[in-house]
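These protein sequences, in sequence, are chains A and V. Quick note: the first sequence, position 98, residue 98 per UniProt numbering, numbers continuous. Quick note: the second sequence, position 27, residue 27 per UniProt numbering, numbers continuous.
These are computed hints drawn from the structure, not numbers from a lab. Since we're looking at a predicted model, the values are computed, not measured. Positions of the beta carbon are idealized from the N, C-alpha and C atoms, including for glycine. One or more of the hints may lead you astray.
To be verified - In silico lysine-lysine, DSSO-like type, Cα no more than 30 Å apart, as pairs:
id	chain 1	residue 1	chain 2	residue 2
1	V	Lys130	V	Lys56
2	A	Lys171	A	Lys104
3	V	Lys221	V	Lys305
4	A	Lys106	V	Lys162
5	V	Lys104	V	Lys162
6	V	Lys305	V	Lys220
7	A	Lys106	A	Lys13
8	V	Lys162	A	Lys104
9	V	Lys162	V	Lys221
10	A	Lys104	V	Lys305
11	A	Lys106	V	Lys308
12	V	Lys130	A	Lys13
13	V	Lys130	V	Lys221
Unchecked claim - Ranges between beta-carbon positions, derived for each pair:
id	chain 1	residue 1	chain 2	residue 2	range
14	V	Leu100	A	Phe240	28 to 34 Å
15	A	Lys104	V	Ile123	40 to 46 Å
16	V	Leu166	A	Ala159	31 to 37 Å
17	V	Glu172	A	Leu14	41 to 47 Å
18	V	Phe21	A	Ser53	54 to 60 Å
19	V	Phe142	A	Leu10	19 to 25 Å
20	V	Ile139	A	Phe87	43 to 49 Å
21	V	Ile67	A	Leu14	57 to 63 Å
22	V	Asp33	A	Arg186	50 to 56 Å
23	A	Asp116	V	Lys308	30 to 36 Å
24	V	Leu25	A	Asn41	24 to 30 Å
25	A	Arg186	V	Ala206	53 to 59 Å
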Amino acid sequence: MKMRLLTNLLQDKLAVLSLAVIGLILAAGAMAPVFAPHDPNAVNMDLRYAGASWHYLLGNDHLGRCILSRLIYGIRPSVLGVLAALFVSVALGAFLGLVAGYFKGKTDAVIMRVCDIMLSFPGYVMTLAIVGILGVGLGNILLAFMLLKWAWFARIIRASVLQAAEADYIKFARITGVPSITILLRHVVPVVSADIAVVASSSFGSMILQLSGFSFLGLGVQAPNAEWGMMLNEARDVMFSRPELMLAPGLAIVLTVSAVNFMSDALQTALDPTLSKTNRKFREQASLPVKLRGKEVA
Amino acid sequence: MGSYISRRIALSIPLLAVISFLTFLLVNLSPLDPAEVVLQAQGVPMITDELLTQTKQELGLDRPFLIRYWHWALSCLQLDFGHSYVTGQPVWSQLGPAFLHTFKLTIVSAACMIFFSIVLGVICAWREGKLLDRSVRGISFFLTAIPSYWLGAMLVWLVAVKLDWLPTSGMESYRSYILPVMVLTISYASIYFRFVRSAMISNLNADYVLYARACGLPEKKVTVHLLRNSLQVAISVFCMAIPVLLGSTVVVENIFAWPGLGSLTVNAILSRDFPMIQAYVLVLAAAFVVFNALADVLQAAMNPKLRKDL
Chain A
1 MKMRLLTNLL
11 QDKLAVLSLA
21 VIGLILAAGA
31 MAPVFAPHDP
41 NAVNMDLRYA
51 GASWHYLLGN
61 DHLGRCILSR
71 LIYGIRPSVL
81 GVLAALFVSV
91 ALGAFLGLVA
101 GYFKGKTDAV
111 IMRVCDIMLS
121 FPGYVMTLAI
131 VGILGVGLGN
141 ILLAFMLLKW
151 AWFARIIRAS
161 VLQAAEADYI
171 KFARITGVPS
181 ITILLRHVVP
191 VVSADIAVVA
201 SSSFGSMILQ
211 LSGFSFLGLG
221 VQAPNAEWGM
231 MLNEARDVMF
241 SRPELMLAPG
251 LAIVLTVSAV
261 NFMSDALQTA
271 LDPTLSKTNR
281 KFREQASLPV
291 KLRGKEVA
Chain V
1 MGSYISRRIA
11 LSIPLLAVIS
21 FLTFLLVNLS
31 PLDPAEVVLQ
41 AQGVPMITDE
51 LLTQTKQELG
61 LDRPFLIRYW
71 HWALSCLQLD
81 FGHSYVTGQP
91 VWSQLGPAFL
101 HTFKLTIVSA
111 ACMIFFSIVL
121 GVICAWREGK
131 LLDRSVRGIS
141 FFLTAIPSYW
151 LGAMLVWLVA
161 VKLDWLPTSG
171 MESYRSYILP
181 VMVLTISYAS
191 IYFRFVRSAM
201 ISNLNADYVL
211 YARACGLPEK
221 KVTVHLLRNS
231 LQVAISVFCM
241 AIPVLLGSTV
251 VVENIFAWPG
261 LGSLTVNAIL
271 SRDFPMIQAY
281 VLVLAAAFVV
291 FNALADVLQA
301 AMNPKLRKDL
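Isolated chain A, as found in the complex:
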């Protein structure tokens, strides 16, 4: 199963490329001090709005700070922060989805009703509400993501568990008295982990967009910290005189989100042979609901 997934994925050249891009971005973010040529917060008033030079590859911003270094440090909140929030909400959703789908009955009903209520709130509006109540800042936005996204993951994972639990080998394991926890971990989780990967990756891109959007509005990361949306927010004040400042952070977001979306698409194809290129029409059908929900808002 895992091998086939890997070989399928590697055959798709675009997928390999996007995986490489994502890997590079994550590594650069994690080891920002190594990659960044300068201190991202070092103000140098002599170099205000300086163009690209060998010393400062992408030039300097309105305070003479190195744009490249700020971009690299910006990966931390923009991508790594989102990844952490995604991880928590997926873990929560996966746990509840597994429990609901496997034990069915009352547990299932209760969890699903809670999910229904969660999903009847518009996600973007609720994020705004939570930020409004708890105060602006990166932490609160990530917290809002964690609190709001799990319901969607739980619902999808439950559907996939329901299907997986129908398999004869799982029924057999139940009858022979294998403890539920063992069945779940050994037989159910490996089967549904593919679906978990797909739903998680399809939400990743939209979450990156949302977070940078909130920072752009001034509700997320606060100055002087570097974050892509924040950099765009700062660049916006001089948009008419120095439009080039909008370019680097904007392109960084577009590149990252495209890579994530490509990978998510490739993952879906690799996981499900029926979605392969010969069967394109099924691919669209199967992948759409997840994708749409993932992108609530640009």
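Put chain V on the given structure of chain A with help from the hints.
Structure of chain V alone, referenced to chain A:
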């Protein structure tokens, strides 16, 4: 059909109640004392305990939680969402006009978005796998990765500043609509057209199309059947697009200085104007529930099979 509609509406009412309760609860979970927020917003220099208790009494915060909720919910039904902490004005006097402005923007954008989604979706379905289909999907893929505020800023710079064609901000004439509507349409049509496309494709291969063609029905009539069946799925998606747009024009409003809900809310969040935030969440959540019900009803109207479940 009538009974379906009444059942669907009956289903929404408890949901609205739960939503209003959660909204109220949310504000009460705030780590800040509302009385303190009010005093700070009014610029009171020295906040004494005495003043705090007095403000609490004025705001009715000394009463038990459930009673406060009950009063709040009753007055919300009469569009009285309390008074802004910052301006002291009734919330609705600001929220109402802002809602109207955002609603106008949303309706125009939704109309454009639906039009382009259907046109692109149908064309792509017809040319499935051909160059046109692949290029439209390829471009849309990149468009979904572009942050709408960045797209908006780029368009402002290009169209309004470089070429000086259109106003960059405000809501003066129909020309002010062009840029924000364009940004919203691009962001959303690039996702939504796929729905139409995939629905069309699955219908193109359905037996009834083959049958209609085999019977010698003119291609035009076949197309009418196809569209009717394909748009059925799309209709619920499009219906939900309206509340989604209502809630997500925030960024676009911010860029184009649109005097709508988004601008109002961002300011409310920055100044911690709780009644305003509360009213905003409630109004949008209610819009979600209402449009959700509307989508279901429309779908049931088009497809009698759906009327049975529920």
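Checked hints:
1. Between lysine 130/V and lysine 56/V the alpha-carbon distance is near 67 Å, which puts this suggested pair outside the 30 Å criterion.
2. For the hint linking lysine 171/A to lysine 104/A, the alpha-carbon distance of about 14 Å falls within 30 Å, and the restraint holds.
3. This hinted pair checks out: lysine 221/V and lysine 305/V have alpha carbons roughly 23 Å apart, not beyond 30 Å.
4. For the hint pairing lysine 106/A with lysine 162/V, the CA-to-CA distance comes to about 62 Å; that exceeds 30 Å, so the pair is violated.
5. Taking the CA atoms of lysine 104/V and lysine 162/V, the gap is about 28 Å. The hint holds against a cut of 30 Å.
6. Of the pairs offered as hints, the one joining lysine 305/V and lysine 220/V holds, with about 26 Å between alpha carbons and a cut-off of 30 Å not exceeded.
7. Of the pairs offered as hints, the one joining lysine 106/A and lysine 13/A is violated, with about 46 Å between alpha carbons and a cut-off of 30 Å exceeded.
8. Restraint check: the Cα-Cα separation between lysine 162/V and lysine 104/A comes to about 61 Å, which exceeds 30 Å; the hinted pair is violated.
9. Restraint check for lysine 162/V and lysine 221/V: the C-alpha separation of about 48 Å exceeds 30 Å, so the hint is violated.
10. About 27 Å separates the Cα atoms of lysine 104/A and lysine 305/V, which keeps this hinted pair within 30 Å; it holds.
11. Taken as a hint, the lysine 106/A and lysine 308/V pair is honoured in the structure, with Cα atoms around 24 Å apart against an allowance of 30 Å.
12. Among the hinted pairs, lysine 130/V with lysine 13/A is consistent with the structure: their alpha-carbon atoms are about 21 Å apart, no more than 30 Å.
13. Using a Cα cut-off of 30 Å, the hinted pair lysine 130/V and lysine 221/V holds, with the two alpha carbons roughly 24 Å apart.
14. For leucine 100/V and phenylalanine 240/A, the Cβ-Cβ distance of about 30 Å falls inside the hinted range of 28 to 34 Å, so the restraint holds.
15. Separated by about 44 Å at the C-beta atoms, lysine 104/A and isoleucine 123/V satisfy the suggested range of 40 to 46 Å.
16. The hint said 31 to 37 Å for the Cβ distance between leucine 166/V and alanine 159/A, and at roughly 46 Å that hint is violated.
17. Roughly 45 Å separates the CB atoms of glutamate 172/V and leucine 14/A, a value that falls within the hinted 41 to 47 Å.
18. Range check, phenylalanine 21/V to serine 53/A: about 59 Å between beta-carbon atoms, so the 54 to 60 Å window is met.
19. Range check, phenylalanine 142/V to leucine 10/A: Cβ separation about 24 Å, and the 19 to 25 Å hint holds.
20. In this structure, isoleucine 139/V and phenylalanine 87/A break the distance hint of 43 to 49 Å, their C-beta atoms being roughly 32 Å apart.
21. At roughly 60 Å, the beta carbons of isoleucine 67/V and leucine 14/A sit within the given window of 57 to 63 Å.
22. For the pair aspartate 33/V and arginine 186/A, the supplied restraint of 50 to 56 Å holds, since their beta-carbon distance comes to about 51 Å.
23. Range check, aspartate 116/A to lysine 308/V: about 20 Å between beta-carbon atoms, so the 30 to 36 Å window is missed.
24. Here the CB-CB span from leucine 25/V to asparagine 41/A is close to 39 Å, at odds with the stated 24 to 30 Å.
25. A hinted range of 53 to 59 Å is violated for the C-beta pair arginine 186/A and alanine 206/V, which are about 42 Å apart.
Of the numbered hints stated above, those contradicted by the structure are hints 1, 4, 7, 8, 9, 16, 20, 23, 24 and 25, listed in ascending order.
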